[in-house]
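So the protein lines, in turn, are chains A and B.
Read in order, the letters of the first sequence are residues 1 to 357 in our numbering.
Read in order, the letters of the second sequence are residues 1001 to 1165 in our numbering.
Keep in mind that the hints were calculated from the coordinates and are not lab data.
These numbers come from a predicted model, not from an experiment.
Among the hints, erroneous ones may be present.
As the list claims (entries may be wrong) - If you anchor each label on the Cβ, the simulated ranges turn out as follows:
1. A:Thr338 - B:Ile1133: 13 to 23 Å
2. B:Pro1028 - A:Arg97: 37 to 47 Å
3. A:Glu332 - B:Glu1160: 55 to 65 Å
Unchecked claim - No more than 30 Å apart at the CA atoms, straight line, and that leaves these computed lysine-lysine pairs for DSS-like:
4. A:Lys161 - A:Lys182
5. A:Lys182 - A:Lys314
6. B:Lys1134 - A:Lys182
7. B:Lys1134 - A:Lys314
Every residue gets a Cβ at the ideal spot worked out from N, C-alpha and C, and that includes glycine.
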Amino acid sequence: MAVAQLTRRRAIILLVLTSIILITLDLQNSSAISGLRNIFSTVFRPVESTARVITRPISNGWHGIFDYNDVLDENDRLRERIAQQEGATIAAAASVRLAQELLALNGLPTLAGINAVTAQVIGDSPTNFSQTIEINQGNESGIRVGMPVLNAAGLIGKITKVFSDRSVVMLITDPDFALSVKVVNSPRQTTTTTIAKSNAAVPSPVVPVEPDASLDTETSSTTTTTTTTTIAGFTPSVTTLPAVPSGVSSITVPLASDLAVRETGVIEGRGPSRQPTVRFISNAVRFGDIQVGVPIVTAGGSRSLSPPDILIGKVARVVERLGSAGPVLEIEPVADLTNLSFLRVLLYQPITEKATP
Amino acid sequence: MSSRWTRLVLVLLIVISLQTTLFAEMRPFGVAAQLVLLFVVVSGSINGSTIGALTGLIAGLMYDFVLPTPVGLTSLALGLAGATAGLLVYFFREPTWWMRLITIGVVSLLGEVYYPLAQTVVGLDGWLQFRIIKVAIVVAVCNLVLSPIAIFVCRWTLTERKLSV
Chain A
1 MAVAQLTRRR
11 AIILLVLTSI
21 ILITLDLQNS
31 SAISGLRNIF
41 STVFRPVEST
51 ARVITRPISN
61 GWHGIFDYND
71 VLDENDRLRE
81 RIAQQEGATI
91 AAAASVRLAQ
101 ELLALNGLPT
111 LAGINAVTAQ
121 VIGDSPTNFS
131 QTIEINQGNE
141 SGIRVGMPVL
151 NAAGLIGKIT
161 KVFSDRSVVM
171 LITDPDFALS
181 VKVVNSPRQT
191 TTTTIAKSNA
201 AVPSPVVPVE
211 PDASLDTETS
221 STTTTTTTTT
231 IAGFTPSVTT
241 LPAVPSGVSS
251 ITVPLASDLA
261 VRETGVIEGR
271 GPSRQPTVRF
281 ISNAVRFGDI
291 QVGVPIVTAG
301 GSRSLSPPDI
311 LIGKVARVVE
321 RLGSAGPVLE
331 IEPVADLTNL
341 SFLRVLLYQP
351 ITEKATP
Chain B
1001 MSSRWTRLVL
1011 VLLIVISLQT
1021 TLFAEMRPFG
1031 VAAQLVLLFV
1041 VVSGSINGST
1051 IGALTGLIAG
1061 LMYDFVLPTP
1071 VGLTSLALGL
1081 AGATAGLLVY
1091 FFREPTWWMR
1101 LITIGVVSLL
1111 GEVYYPLAQT
1121 VVGLDGWLQF
1131 RIIKVAIVVA
1141 VCNLVLSPIA
1151 IFVCRWTLTE
1161 RKLSV
């Protein structure tokens, strides 16, 4: 009996030491741990699949009893929302197409040019302390660690573990999630500046015009003597125009402060019960006050794991901080992370992550 | 001696598969019941702290290979939970069924807190929130409800059987 007790104590010490060593190795991304995970996965997979098949009627019954009314309510809400959005979708689709054409025309990367794999969610996190889901596509489909995962609404997370036929996606609400983002801050008031051209090369006077005029890429309106052209994106505060031999014309340009300003920060998850935050926003005067509702999109860049301009959410609350520290923004994700079904994994890797031949 | 540990590993495979399938989907109040934790706590309350700790370490190590968190973390947290369950019963000479039930409830509550604590220790902070109180209470109640089945399975798994010659 005493010998058995001693053996057990030794086994406990051995297992504790093994656990500590494994934690150390795993935190340093050891390939040995990945190998062990794969071996265990191979053994465990058939057992799990069998359990899934056997327990499906029970889980279906559970959802039928406890979620039926919620599903009915959600169905009604969604029908209402679809009706509202149908018209807007057509206009938005046309705008997106136009934007993609413009980006392609200028040789800029677009999401349309990035291959993607469609995957289905096959499992939630079994613990209460990780915000992950499992999808049914793995490295056989070209998925690698770090690739961004989207649903129809926007970014939902990134790939953190890849197996041959499945992957684990860390959601943007997980406290370990971090990604560089852009805050697209829009001006409070939209005004434009009309710069009247004259024969002499002199600094132009500034004349505010109606906000709607700035929305058009190129509009023309007749003045008493000349044509006025509005050019969005052209932003000098004081412009000197060359002398024109004959006639008087003017160019209307928006004020620099009136254009959408983009500032980068880092989005970080804070668990399922709290909204993610964006930190490290600079307190620059040019950026102005951040308004609730402005969109948050991925920043992109050679080191970012995500391509630019994927919608993540909108600002739900702005928490101002004292001193030079910029504000902290609470973000309301556009994607409903509690109800995910089909996802899209962008087969995107930044240049710094791509293996050199 | 070795047969019950072999049995334990096989039973744990089934328990973990139930955890990752059925109990990952059935979430009362948005909280997943922790079947692996229940199994470990019950083994500790029935067989004492040494067996409880061993069961927790083995179960945790197997569970770790399924979870995205660092391997070894759940092992330590569940090992501690198993040992705690054994220690609580140790103070009673002949624990009655309701003492065991209280032990299972209390240690399930503590065990669910051990895990985010362990995460914080290795630098994965952000999980120690007020939500943990709700999670721990729901897990404790779920474990109490499921404990009669778990006690039966645990007894069957960890009983030493003498081979007849």
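Item checked: Indices of hints not satisfied (ascending) -> 6
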